[in-house]
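S.K.: Chains V and Y are the protein sequences, given in the same order. For the record, in the first sequence the residue sitting at position 46 is 46 according to my numbering, with numbers rising by one throughout. For the record, in the second sequence the residue sitting at position 75 is 75 according to my numbering, with numbers rising by one throughout.
It is worth saying that the hints were derived from the structure and are not from the lab. Heads up, some of the hints might be wrong.
Now the in silico label distances, taken between C-beta atoms and shown as ranges [what the hints assert, rightly or not]:
1. Y:D19 / V:P187: 24 to 30 angstroms
2. Y:H33 / V:R154: 23 to 29 angstroms
3. Y:R91 / V:G100: 52 to 58 angstroms
For glycine and all other residues, C-beta sits at the position ideal for the given N, C-alpha and C.
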Amino acid sequence: MTPVPHRVRSRVRETHDTWTLELESLAEPIRPRAGQFDMLYAHGVGEVPISVSGDHEGALTHTVRAVGAVTSALCSLEPGALVWVRGPYGNEWPLAEAVGRDLVVVAGGIGLAPLRPAIRHALAHREDYGVLSVAVGARTPADLLYVHEIEAWRARLDAEVDVTVDAATPGWRGRVGLVTKLIPGAPFDPENAVALVCGPEVMMIFVVRALVERGMPASRIWISLERNMRCGVGHCGHCQLGPTLICRDGPVYRADEVARLLEVREL
Amino acid sequence: MRSLAELIASSPVFAGLPDDDLDLIAGCARNVHFDEGELLAREGDAADTFYLVRRGRVALELHTPDRGSLVIDTADAGDVVGWSWLFPPYRWHYDARAVEGVSAIAFDGACLRGKCGDDPRLGYELMQRFAQVMVDRLQHARFRLLDVYGGIGVG
Numbered sequence: 001m002t003p004v005p006h007r008v009r010s011r012v013r014e015t016h017d018t019w020t021l022e023l024e025s026l027a028e029p030i031r032p033r034a035g036q037f038d039m040l041y042a043h044g045v046g047e048v049p050i051s052v053s054g055d056h057e058g059a060l061t062h063t064v065r066a067v068g069a070v071t072s073a074l075c076s077l078e079p080g081a082l083v084w085v086r087g088p089y090g091n092e093w094p095l096a097e098a099v100g101r102d103l104v105v106v107a108g109g110i111g112l113a114p115l116r117p118a119i120r121h122a123l124a125h126r127e128d129y130g131v132l133s134v135a136v137g138a139r140t141p142a143d144l145l146y147v148h149e150i151e152a153w154r155a156r157l158d159a160e161v162d163v164t165v166d167a168a169t170p171g172w173r174g175r176v177g178l179v180t181k182l183i184p185g186a187p188f189d190p191e192n193a194v195a196l197v198c199g200p201e202v203m204m205i206f207v208v209r210a211l212v213e214r215g216m217p218a219s220r221i222w223i224s225l226e227r228n229m230r231c232g233v234g235h236c237g238h239c240q241l242g243p244t245l246i247c248r249d250g251p252v253y254r255a256d257e258v259a260r261l262l263e264v265r266e267l
Numbered sequence: 001m002r003s004l005a006e007l008i009a010s011s012p013v014f015a016g017l018p019d020d021d022l023d024l025i026a027g028c029a030r031n032v033h034f035d036e037g038e039l040l041a042r043e044g045d046a047a048d049t050f051y052l053v054r055r056g057r058v059a060l061e062l063h064t065p066d067r068g069s070l071v072i073d074t075a076d077a078g079d080v081v082g083w084s085w086l087f088p089p090y091r092w093h094y095d096a097r098a099v100e101g102v103s104a105i106a107f108d109g110a111c112l113r114g115k116c117g118d119d120p121r122l123g124y125e126l127m128q129r130f131a132q133v134m135v136d137r138l139q140h141a142r143f144r145l146l147d148v149y150g151g152i153g154v155g
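All chains should be modelled from the sequences, with the hints used to inform the complete structure.
M.R.: Set out below in structure tokens:
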């Protein structure tokens, strides 16, 4: 629970409102697994939960979208600035359970950030999985995260990576349409696949439906939820969703366990 | 080499049709190719043809006076381009442009309408299938109106 001071090693602008920070620990390093999150404290402003989006030479990597006071403060930090980090919290993507199966990754918007470590893991252990199918959706081409890395993934011969945007801009030659549009044609075997999904909740509902329509059981579809995590350890109750506390039991859930909760209007 | 009827049968919109129906439909179809940038259809023109994309990508564009051509959707292998052939006044509602080299099957809409008129069972079957295509597109358009990636942040 004690925040560990970190220094910003680098800050990379991903889109007009999203930045990736590499944080170097000044004490005991935090070693998160793919799917987990940390609590990042911007001095004098506040603390927010941010998913882990990668690791590089021992640094913590977080991709932050500036949507409020704390995230805007984090995004404005220059290299050398201090950030306090608690974590890692939550569970991880079920990459071990997916070994031997096709792996389907569906990301929407900032949802690609928590999935990037899982994709990197699958690419680094390519022999552990069957087909690797990655579908990425974004609002516009300018809102796509990690463009150069996606291009590198697409260049590989052992992964199927497809991208679509909701609204094209001049010069865009890729697909236009919802990310769900990519699912019917993706080359995985629904009877032997595990799916990892992250994005806005309404998008995840549509994606889960599309995957189930394709023939996947909801018990092999995993989604990552986000609520107002405050303590990170299941004490404060801010992130309660029905019977579950997302910071403690999640953020990664099997779709058959929580998809119904997302459709309850009162929750 | 696969026959037109076989190619048509392998597409989602025509999958599962009896062979006789597929042969009838293939009688109104031909293979076509479009080079990058070429128009398959132009907004306002007579919609006497629709397409089943076999390879490549087609952009569906709306022309706006102030912003030029806007891509509103794309169609890839297995997708149908055009349903205006089914409904009066049989005019295209958008441009359809080949983003890259496109191989497609072109269907003569008037020919198919004639066969549907002669055989109401086939007409109902095709109407159901194209209605599903339209419902899917409508749902996608509605979901996109939600602007799900816009989000309202609090943190």
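S.K.: For every hint, state whether the structure bears it out.
M.R.: To see whether the hints hold, each was checked on the structure:
Between D19 (chain Y) and P187 (chain V) the CB atoms are about 28 angstroms apart, so this pair conforms to the stated range of 24 to 30 angstroms. At roughly 25 angstroms, the beta carbons of H33 (chain Y) and R154 (chain V) sit within the given window of 23 to 29 angstroms. Between R91 (chain Y) and G100 (chain V) the CB atoms are about 53 angstroms apart, so this pair conforms to the stated range of 52 to 58 angstroms.
When each numbered hint is compared with the structure, no violation occurs for any of them.
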